[in-house]
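Enquirer: So the chains spell out like this:
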Amino acid sequence: MEIPKIGVFEENARLPLTIGKKEANLYLSFIYVAFISLFIGGLMGLLQVLVRSGSFTLPWGIGYYQILTLHGVVLALVLTTFFIIGFQYALMGKTVGISDKQRKVSWLAFWVMTVGTAITAATILVGKASVLYTFYAPLKAHPLFYIGLALVIVGSWIAGFVNWRQLYLWKKAHPGEKSPLLAFMVNINMIMWFIASLGVAVSVLIQFIPWSLGYAETINVLVSRTLFWYFGHPLVYFWLLPAYMAWYAIIPKIIGGKVFSDSLARLSFVLFLFFSIPVGFHHQLTEPGIDPTWKFIQVVLTFMVVIPSLMTAFSMFATFEITGRKKGFGGLFGWLRHLPWKDVRFLAPFVGMLAFIPGGAGGIINASHQMNTLVHNTIWVTGHFHLTVGTTVILTFFGITYWLIPHLTGRTLTKEVNRLGIIQTFVWTIGMTIMSGAMHIQGLLGAPRRSSYSEYGGTEQAVQWGAYQMAQAIGGTILFLGIILMVYIFIKLAFFSPKGEEEFPIAEEEENAPPTPMWLENWKLWVAITIALILFAYTIPFIDIIQNSPPGSPPFDWPIGNS
Amino acid sequence: MHLHKYEKIWLISGVVALALFLIILGFGAFYLGTHPQSHGITIDPANIEAHEAFQSENLGLTKVDEDKYIVNVVATAFNYDLGVDEDGNAVKNISIPKGSSVLFQVVTPDVVHGFNIAGTNVNMMVEPGYISSMEVEMKQTGEFTLLCNEYCGVGHHMMFATVEVY
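Residue numbers (our numbering), protein chains in the order written: chain A, -11 to 551; chain B, 242 to 407.
Calculated from the structure, these hints are not laboratory results. Hints should not be assumed to be uniformly reliable.
Take a look, some chain B residues computed to stay more than 10 Å from chain A by CB distance [claimed, not checked]: (1) Glu248; (2) Val256; (3) Lys304; (4) Phe319; (5) Asp326; (6) Asp351; (7) Pro369; (8) Lys380; (9) Glu384; (10) Glu391; (11) Tyr407.
The calculated lysine-lysine pairs, modelled on DSS-like cross-linking and capped at a C-alpha distance of 30 Å, are [claimed, not checked]: (12) B/Lys249 with A/Lys166; (13) B/Lys249 with A/Lys241; (14) A/Lys315 with B/Lys246; (15) B/Lys309 with A/Lys314; (16) A/Lys166 with B/Lys380; (17) A/Lys330 with A/Lys92; (18) A/Lys246 with B/Lys333; (19) A/Lys9 with A/Lys159; (20) B/Lys380 with B/Lys339; (21) A/Lys314 with B/Lys249; (22) B/Lys249 with A/Lys315; (23) A/Lys116 with A/Lys10.
Ideal placement from N, C-alpha and C gives every residue a C-beta, glycine not left out.
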């Protein structure tokens, strides 16, 4: 009689794995924080558009810039990072698995991030940190604001280290095999995040914290801004790449198709890794202290992401068309009709994809060296990122929520919730079209971003802007209704939907798909090229900035109402 | 790696369009001189008056030649200092004839500001330690709002003046 080998099953396990209850709780915890953030941040957004309409004043001495700071920090940093890490953990758990030890370390990541978030949010709520989420020096917030932010970043690194370890162990157990596509993508994103957030971490730990505590008398303003934007642009790709994961590897399954090309998907992620980071100067184009030639070089590097973006767009529509034709829908556009328009898991991300067409076009304008001067710091920019992160990314995240939450809670996406989700998608689309559209136009007319209601001494221009701010108040109110609906859907899916099994959709390759070349797994080479590009783009201008530095700046806390 | 024929066409035309686009940007920047403002000229933010342009009597609009003007500005939270008029009142409106060429020079002794004359090409970050400057030709008549478009504190939105081109 043979003794059954313990562990054989696990070693030979093929995709997809099953997510256990303990793991599910970990992944869900991140997403709970994300949805609490969505509600708080959304409420702040509502208050802002109401104040800017000119017919509403904040009660109890709450400041406009206080809620603006909270809106930015809670949505751009907390909601995104928590959702992404929870989602990426779920992808890793499903494709390569998680060990007990990794799960415990991941809880550490969760608590470090959550404590950091609570500290930062508290300093903003008591009005000691109205410095906006970019916290430009020499405005000085309470030191705890920076300490909290540092904890969020450090916590996210722990999550990244766990993700790398997960894939490393899987590869050791599966020699000679290519890594699962989604695990590959998660690892690329976390490498990008780690390299990029080193910049802001250095700035916060070496510059801001000692300076805000009084140990350093002055701060080098331009160095802090350069380190911030070294992080700030890859930050937006850190939001976008998880949406791309869903587009490349999950949506095809939802529409009943296959992955268009495994190798192209990987190549596009590698290109995003290369060209996300050495590009921060395009946020600093109108600054006085950076050499214009280096600004231009980084503009050129910025535009390299057009290539993986075009690859992505082609892949998406190719998948749609191939799937449609396979199902027997011919004609030039007949295949479009087959798409599951009534399935919110598809509809919400699809609207997100559409929003990326004007979103991307606006981004091209923003990054265009001299053209940037026309729109820099106008509310056009706010309109731009409400399309990209506020529509493309968030609608894709909502699209993921509809199946991921019930999958993790052992419930199902009911027809009723699906219908509510479709309504939610429409509400969001209408609200955002009005709000973002009005912001774009108002920005072209010269109106500034990040500004409370002002009549600017009654100029004709300011009167003209008022009408667009009214439109933003209407759009913003509709969006807030969309947030309430989404939070309701989330609670329903998490706690009240009928018990059952919801699919975790992961698309497979075509059976006759050409093999993915192994050179795509050359992690060391990808990291080396990424670092080389960063050194190329930043070394000379950074030395120049430091060598030609003006005297540093002392902290200023009275402009934000502290003293 | 296999690339579909249509995808090759799609990518090649995209890359060609991109190259063309970047060449146009580069031509504008390096040949026509349309770089965004970047001069890298430093100043001690604690002692801006060491520079002649920012001594109080030199602030605001100065005519230097036929159709040539200089505007020196000190941006502070939450005010644009454009000098004083004959009666000693702070100037909040400057008038410039159409078609004149104007050099704007702006510094700040405190925090970061955004010097923007809405509806014109004048848009530059003002950071402590640097002189921001930009020369423009005022081609259109009208009343333009000079405002701050980078958050500088609780009174950020109250930082404004007007520029009239006649």
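Enquirer: Quick one: which hint numbers does this structure break? Sort them smallest to largest.
Expert: Violated hints (numbers, rising): 1, 2, 4, 6, 7, 9, 10, 15, 16, 17, 18, 23; every other hint is consistent with the structure.
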